[in-house]
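Trainee: Go by the hints and put chain X onto chain U.
Number of protein chains: 2
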Amino acid sequence: METLRWENGTLHLLDQTLLPHEVSYLALNDYREVIRAIRRLSVRGAPAIGAAAAYAVVLAAMEAAQGDAEDFAARLQKAAEEIGAARPTAVNLRWAVARQHAVVERLAGEPPEKVVAELVREAAAIFAADVAANRTMGAYGAALLPREARVLTHCNAGALATCGYGTALGVIRAAHAAGKIRMVYADETRPLLQGARLTVFELQQDGIPVTLITDSMAGYLMAKKGLDAVIVGADRIAANGDVANKIGTYSLAVLARHHGVPFYVTAPFSTIDPEAPDGAGIPIEERDADEVTHLGGVPVAPAGTAVWNPAFDVTPHNLVTAIITERGVYYPPYRFGA
Amino acid sequence: METLRWENGTLHLLDQTLLPHEVSYLALNDYREVIRAIRRLSVRGAPAIGAAAAYAVVLAAMEAAQGDAEDFAARLQKAAEEIGAARPTAVNLRWAVARQHAVVERLAGEPPEKVVAELVREAAAIFAADVAANRTMGAYGAALLPREARVLTHCNAGALATCGYGTALGVIRAAHAAGKIRMVYADETRPLLQGARLTVFELQQDGIPVTLITDSMAGYLMAKKGLDAVIVGADRIAANGDVANKIGTYSLAVLARHHGVPFYVTAPFSTIDPEAPDGAGIPIEERDADEVTHLGGVPVAPAGTAVWNPAFDVTPHNLVTAIITERGVYYPPYRFGA
Numbered sequence: 148m149e150t151l152r153w154e155n156g157t158l159h160l161l162d163q164t165l166l167p168h169e170v171s172y173l174a175l176n177d178y179r180e181v182i183r184a185i186r187r188l189s190v191r192g193a194p195a196i197g198a199a200a201a202y203a204v205v206l207a208a209m210e211a212a213q214g215d216a217e218d219f220a221a222r223l224q225k226a227a228e229e230i231g232a233a234r235p236t237a238v239n240l241r242w243a244v245a246r247q248h249a250v251v252e253r254l255a256g257e258p259p260e261k262v263v264a265e266l267v268r269e270a271a272a273i274f275a276a277d278v279a280a281n282r283t284m285g286a287y288g289a290a291l292l293p294r295e296a297r298v299l300t301h302c303n304a305g306a307l308a309t310c311g312y313g314t315a316l317g318v319i320r321a322a323h324a325a326g327k328i329r330m331v332y333a334d335e336t337r338p339l340l341q342g343a344r345l346t347v348f349e350l351q352q353d354g355i356p357v358t359l360i361t362d363s364m365a366g367y368l369m370a371k372k373g374l375d376a377v378i379v380g381a382d383r384i385a386a387n388g389d390v391a392n393k394i395g396t397y398s399l400a401v402l403a404r405h406h407g408v409p410f411y412v413t414a415p416f417s418t419i420d421p422e423a424p425d426g427a428g429i430p431i432e433e434r435d436a437d438e439v440t441h442l443g444g445v446p447v448a449p450a451g452t453a454v455w456n457p458a459f460d461v462t463p464h465n466l467v468t469a470i471i472t473e474r475g476v477y478y479p480p481y482r483f484g485a
Numbered sequence: 148m149e150t151l152r153w154e155n156g157t158l159h160l161l162d163q164t165l166l167p168h169e170v171s172y173l174a175l176n177d178y179r180e181v182i183r184a185i186r187r188l189s190v191r192g193a194p195a196i197g198a199a200a201a202y203a204v205v206l207a208a209m210e211a212a213q214g215d216a217e218d219f220a221a222r223l224q225k226a227a228e229e230i231g232a233a234r235p236t237a238v239n240l241r242w243a244v245a246r247q248h249a250v251v252e253r254l255a256g257e258p259p260e261k262v263v264a265e266l267v268r269e270a271a272a273i274f275a276a277d278v279a280a281n282r283t284m285g286a287y288g289a290a291l292l293p294r295e296a297r298v299l300t301h302c303n304a305g306a307l308a309t310c311g312y313g314t315a316l317g318v319i320r321a322a323h324a325a326g327k328i329r330m331v332y333a334d335e336t337r338p339l340l341q342g343a344r345l346t347v348f349e350l351q352q353d354g355i356p357v358t359l360i361t362d363s364m365a366g367y368l369m370a371k372k373g374l375d376a377v378i379v380g381a382d383r384i385a386a387n388g389d390v391a392n393k394i395g396t397y398s399l400a401v402l403a404r405h406h407g408v409p410f411y412v413t414a415p416f417s418t419i420d421p422e423a424p425d426g427a428g429i430p431i432e433e434r435d436a437d438e439v440t441h442l443g444g445v446p447v448a449p450a451g452t453a454v455w456n457p458a459f460d461v462t463p464h465n466l467v468t469a470i471i472t473e474r475g476v477y478y479p480p481y482r483f484g485a
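In order, the protein sequences belong to chains U and X. According to the working numbering, the first sequence is numbered sequentially starting from 148. According to the working numbering, the second sequence is numbered sequentially starting from 148.
Rather than coming from a laboratory, the hints here were simulated on the basis of the structure. If you're wondering where the values come from, they're calculated on a predicted model, not measured in any experiment. Wrong hints could be hidden among the right ones.
[To be verified] The following label-pair restraints were derived from C-beta to C-beta distances:
#, chain 1, residue 1, chain 2, residue 2, range
1, X, Glu149, U, Pro480, 48 to 54 Å
2, X, Glu422, U, Ala290, 45 to 51 Å
3, U, Asn155, X, Arg187, 51 to 57 Å
4, U, Asn465, X, Lys225, 44 to 50 Å
5, U, Gly354, X, Gly407, 41 to 47 Å
[As the list claims (entries may be wrong)] Computed list of chain X residues with no C-beta within reach of chain U, every gap over 10 Å:
#, residue
6, His248
7, Ala286
8, Leu291
9, Glu295
10, Ala325
11, Gly395
[Said to hold, decoys possible] Covered stretches of chain U (in silico footprint by chain X; criterion: 3 or more residues with CB under 8 Å from a CB of chain X, positions within the stretch not fixed):
#, stretch
12, 341–353
13, 356–369
14, 439–445
For each residue, glycine too, the CB sits at the ideal point set by N, CA and C.
Here chain U stands alone, though its shape is the one from the complex (with noise of 0.2 Å):
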């Protein structure tokens, strides 16, 4: 199942909003929609919003290709501002915006024509990138894993997360593929889900073991039944290894190093932000209440209820024994180099 694909100017994005109820592309033409599509989480995941960005910015190049040439790069800029700032935490969405914007730079005073026709190449190039970089990812990470191995997965750092073969469910795909997966255990990840709605529904299609629980079940799990390995993505790793990813990924974090079992994080080098000395400066977004209090529309609290809704929370470095990334597998003390 593709995440997003480009065809004949037009950015078809599945709507994982949907799923696993339904199978639906939304087929966007303005780089407005791609805005509103990532910040209702149609298309969600680092690397995947990442992807989304490169090709607003084409989307967005052809809206201003329609007027006047000179102020093509002007208008373009400005879109390309809106487009980075559609949702804070996620760095590979600057991250591409930014590799779009060196396209524009690079080919100052050509024709827009020409301009748009490099960007589509390099969003291209990014979506490519990022599925090769997964499958090297995976291998990297499946060879950490034991035989029988019982891992734990939060969110979804999937096929869906991503260009496709995922972050942290590549490295399990690829563990699956070497016949070392025991059992994946899939933290349902409220508010929105997308543990049950989305990895579970990956893992089946692809006929991995996989087994529900609710968040709050993963500590009884580690002490119960036992666990080799927490695996999770990241949307942003600042540079001291420092990781912000999905609200719970850092009690996930807590309960490894309480009980013993390897926290491994696993997300391509372009979600590491150089920018970031430590994880106080990666920036968090909250989310409305109504992703709390209700669910699928039906409330299930009271009215009125006051709710702290961090959509991600920061796992100090000393608490990620290693992080996966295309490139090679790091180890604390986090040196990534440029």
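Mentor: Below, chain X without anything else, positioned relative to chain U:
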């Protein structure tokens, strides 16, 4: 709001599955209906289950009294065993049935009407003693909290889980009355959302400040906002201080230890099971997959999803800062006496 009320031979039981949207009482005249209500969690919370079970024995005795007087005790005994087996983890259920059994033994040979009358009196005594115990625990627990306390609670150990006032929420009520509560954070408590549905509801009604979070946010809450105490109830406490309570309690205890936050358990002395030397001796109920895969009847996971759904977990005594009972506050090493 009353959790349960006995009136003219009928047990009126607040149907907690409908809260907070609907306040509705079941009128039960058959002990089998009480068992069903306990199983489907219309009444839940160890002390409330205990009181409901005591009245279920009354209903069973009323039924047994209709038949042959000779078989009265045998028929009642059989029904009491069914009642005691309604759910496995909360020991208060067994304890209340044992208290009623002692009444029947004491009055062996007396006319059934007299036994029924004494069972009603005993059930009322259990009910009244629970409310009094909660107020005592509230005072003991409140004394342990600092001023401007930020506390986190899990599930619902409130008036609704007891015969009134609550255990963990009793401590919070007493602390609030003493002007010591800055904020109560309530874990929503998946799968059945007793935190969102019941705890938020109870605290709102009392004007106590409460903020709802998903279970996965507790760790980040401790790290980011700071917390002064975790306060939970218990379904069974082993002789060594190991605590069985709602699934997710164990994760909170590990997180509290990591962050240096005191972890308090509040429960009436009847929750202590001298026959369970440690937590390994406490049976943990596993409930239907539907509770996790569905929410309000709506599926949130793909069809055929495998689930692990333990309703409780066990927190080892070494993670418990203190156990607050109506007989006083116990500290490690836990020795409860008789």
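Trainee: Against this structure, judge whether each hint is valid.
Mentor: Taking the hints in turn, this is what the structure says about them:
1. In this structure, Glu149 of chain X and Pro480 of chain U break the distance hint of 48 to 54 Å, their C-beta atoms being roughly 59 Å apart.
2. Distance hint for Glu422 of chain X and Ala290 of chain U: a CB-CB separation of about 49 Å, consistent with the stated range 45 to 51 Å.
3. Between Asn155 of chain U and Arg187 of chain X the beta carbons are some 55 Å apart, a value that agrees with the proposed interval 51 to 57 Å.
4. Asn465 of chain U and Lys225 of chain X have their C-beta atoms about 59 Å apart, which leaves the hinted 44 to 50 Å range violated.
5. Evaluation of the 41 to 47 Å hint for Gly354 of chain U and Gly407 of chain X yields a pass: the beta carbon distance comes to about 45 Å.
6. For His248 of chain X, the condition that its CB be more than 10 Å from all CB atoms of chain U holds, with the nearest at approximately 33 Å.
7. The claim that Ala286 of chain X lies off the interface holds: its Cβ sits roughly 27 Å from the closest Cβ of chain U, which is beyond the 10 Å cut-off.
8. Distance check on Leu291 of chain X: its Cβ is at least 24 Å (rounded) from any Cβ of chain U, clearing the 10 Å threshold; non-interface status holds.
9. Listed as a non-interface residue, Glu295 of chain X keeps its Cβ farther than 10 Å from every Cβ of chain U; the least gap is roughly 17 Å.
10. Under the 10 Å C-beta cut-off, the non-interface status given to Ala325 of chain X relative to chain U holds; the minimum distance is some 22 Å.
11. Here Gly395 of chain X does not stay apart from chain U, with its beta-carbon only about 3 Å from theirs, under the 10 Å limit.
12. Counting residues of the stretch 341–353 of chain U whose C-beta sits closer than 8 Å to any C-beta of chain X gives 5, which meets the bar of three, so the coverage hint holds.
13. With a cut-off of 8 Å between beta carbons, the stretch 356–369 of chain U has 13 residues touching chain X; three or more are needed, and the interface restraint holds.
14. Requiring three or more residues with a Cβ within less than 8 Å of a Cβ of chain X, the coverage given for the stretch 439–445 of chain U holds, as 5 such residues are present.
Consistency note: the structure conflicts with the earlier hints numbered 1, 4 and 11.
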